[in-house]
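Participant: Residue numbers (the working numbering), protein chains in the order written: chain U, 270 to 389; chain G, 2 to 111.
Where hints are given, some of them may not hold.
[Unchecked claim] Computed far set for chain G versus chain U, every beta-carbon distance over 10 Å:
(1) I19
(2) S75
(3) T77
(4) Q82
(5) D85
[Claimed, not checked] Simulated crosslink set (EDC-like; lysine to aspartate or glutamate; CA at most 20 Å straight-line):
(6) G:K48 to G:E84
(7) U:K312 to G:D88
(8) G:K107 to G:D85
(9) G:K107 to U:E315
(10) G:K48 to G:D85
(11) G:K107 to G:E84
(12) U:K327 to U:D377
(13) U:K321 to U:D342
(14) G:K48 to U:D377
(15) U:K327 to U:E315
(16) U:K312 to G:E86
(17) U:K312 to U:D358
(18) G:K45 to G:D85
(19) G:K45 to G:E86
(20) G:K107 to G:D88
(21) G:K48 to U:E270
(22) G:K45 to G:D88
(23) G:K56 to G:D85
(24) U:K321 to U:D377
(25) G:K56 to U:D377
(26) G:K69 to G:E53
(27) G:K107 to G:E86
(28) G:K48 to G:E86
(29) G:K45 to U:E315
(30) U:K327 to U:D342
(31) U:K321 to U:E334
(32) G:K45 to U:E270
(33) G:K45 to U:D377
(34) G:K48 to U:E315
(35) G:K45 to G:E84
Calculated from the structure, these hints are not laboratory results.
C-beta atoms are modelled at their ideal positions from N, C-alpha and C, and glycine is treated no differently.
Each chain, written out:
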Amino acid sequence: EVQLVESGGTLVQPGGSLRLSCAASGFTFTTYWMAWVRQAPGKGLEWVANMKGVGSEKYYVGSVEGRFTISRDNARNLLYLQMNTLRADDTAVYFCAREATLTPYNFDYWGQGTLVTVSS
Amino acid sequence: QSALAQPASVSGSPGQSIIISCSGSGSDIGTYNRVSWYQHHPGKAPKLMIYEVIKRPSGVSNRFSASKSGRTASLTISGLQAEDEADYYCCSYVPGGPYAFGTGTKVTVL
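Next comes chain U alone, as it looks inside the complex:
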């Protein structure tokens, strides 16, 4: 059974840093692109970043480029999102999602999310 479990969300002050983790199980982690998607309070979903299964190919939405870094530890089946210089508008539930491999450009499994609150 595919499982994605996010952790690391908490209250952080503006300008602060935070690292989110996503523990993956039930599938061959290295085969899949993985992504972070967020949902601000009362808002819709927004793709944040994604990363290829093997190698360093990665992409970001413009609003986080230069502040957030996506990475993965394939030996431990972990996906990370390092978030620096956090702003109030980064407040959101952050979801880890697996990108389908045979039929790309959709997310076939998601975690339940972890809440990041940026506030003083």
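With chain U held as given, fit chain G onto it using these hints.
Facilitator: Just chain G now, with coordinates in the frame of chain U:
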């Protein structure tokens, strides 16, 4: 990338059919057959309902169907059930994006 436009809410009685629209542009929905739909019960993990415009993943009820015409994709829920009450999001591949999500539609079962 701009969000795709969806109605904020759609409602229907049990057993009825409803349609949720998702409007994009010529550079996303209008060009690529990479439209997916997600069901999200708040506090839970979103669930893939439709991919590549019309395809249903294994395990998704055949009460869910979808289509595309020009720059607009649509999700139809037939035989509406209480468990279908949730938020629904469309998503399209966007060159340079690579993803644009819809604004989301809250489905209410009356």
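Participant: Now tell me if each hint is right for this structure.
Facilitator: For each hint, the structure was consulted:
no.	hint	in the structure
1	I19	holds (19 Å)
2	S75	holds (17 Å)
3	T77	holds (18 Å)
4	Q82	holds (22 Å)
5	D85	holds (18 Å)
6	G:K48 to G:E84	holds (13 Å)
7	U:K312 to G:D88	holds (11 Å)
8	G:K107 to G:D85	holds (10 Å)
9	G:K107 to U:E315	holds (17 Å)
10	G:K48 to G:D85	holds (12 Å)
11	G:K107 to G:E84	holds (13 Å)
12	U:K327 to U:D377	holds (19 Å)
13	U:K321 to U:D342	holds (12 Å)
14	G:K48 to U:D377	holds (7 Å)
15	U:K327 to U:E315	holds (16 Å)
16	U:K312 to G:E86	holds (18 Å)
17	U:K312 to U:D358	holds (11 Å)
18	G:K45 to G:D85	holds (14 Å)
19	G:K45 to G:E86	holds (13 Å)
20	G:K107 to G:D88	holds (4 Å)
21	G:K48 to U:E270	holds (15 Å)
22	G:K45 to G:D88	holds (11 Å)
23	G:K56 to G:D85	holds (18 Å)
24	U:K321 to U:D377	holds (15 Å)
25	G:K56 to U:D377	holds (12 Å)
26	G:K69 to G:E53	holds (10 Å)
27	G:K107 to G:E86	holds (8 Å)
28	G:K48 to G:E86	holds (13 Å)
29	G:K45 to U:E315	holds (16 Å)
30	U:K327 to U:D342	holds (14 Å)
31	U:K321 to U:E334	holds (17 Å)
32	G:K45 to U:E270	holds (17 Å)
33	G:K45 to U:D377	holds (15 Å)
34	G:K48 to U:E315	holds (15 Å)
35	G:K45 to G:E84	holds (13 Å)
This entry satisfies every hint, going by the numbered hints stated previously.
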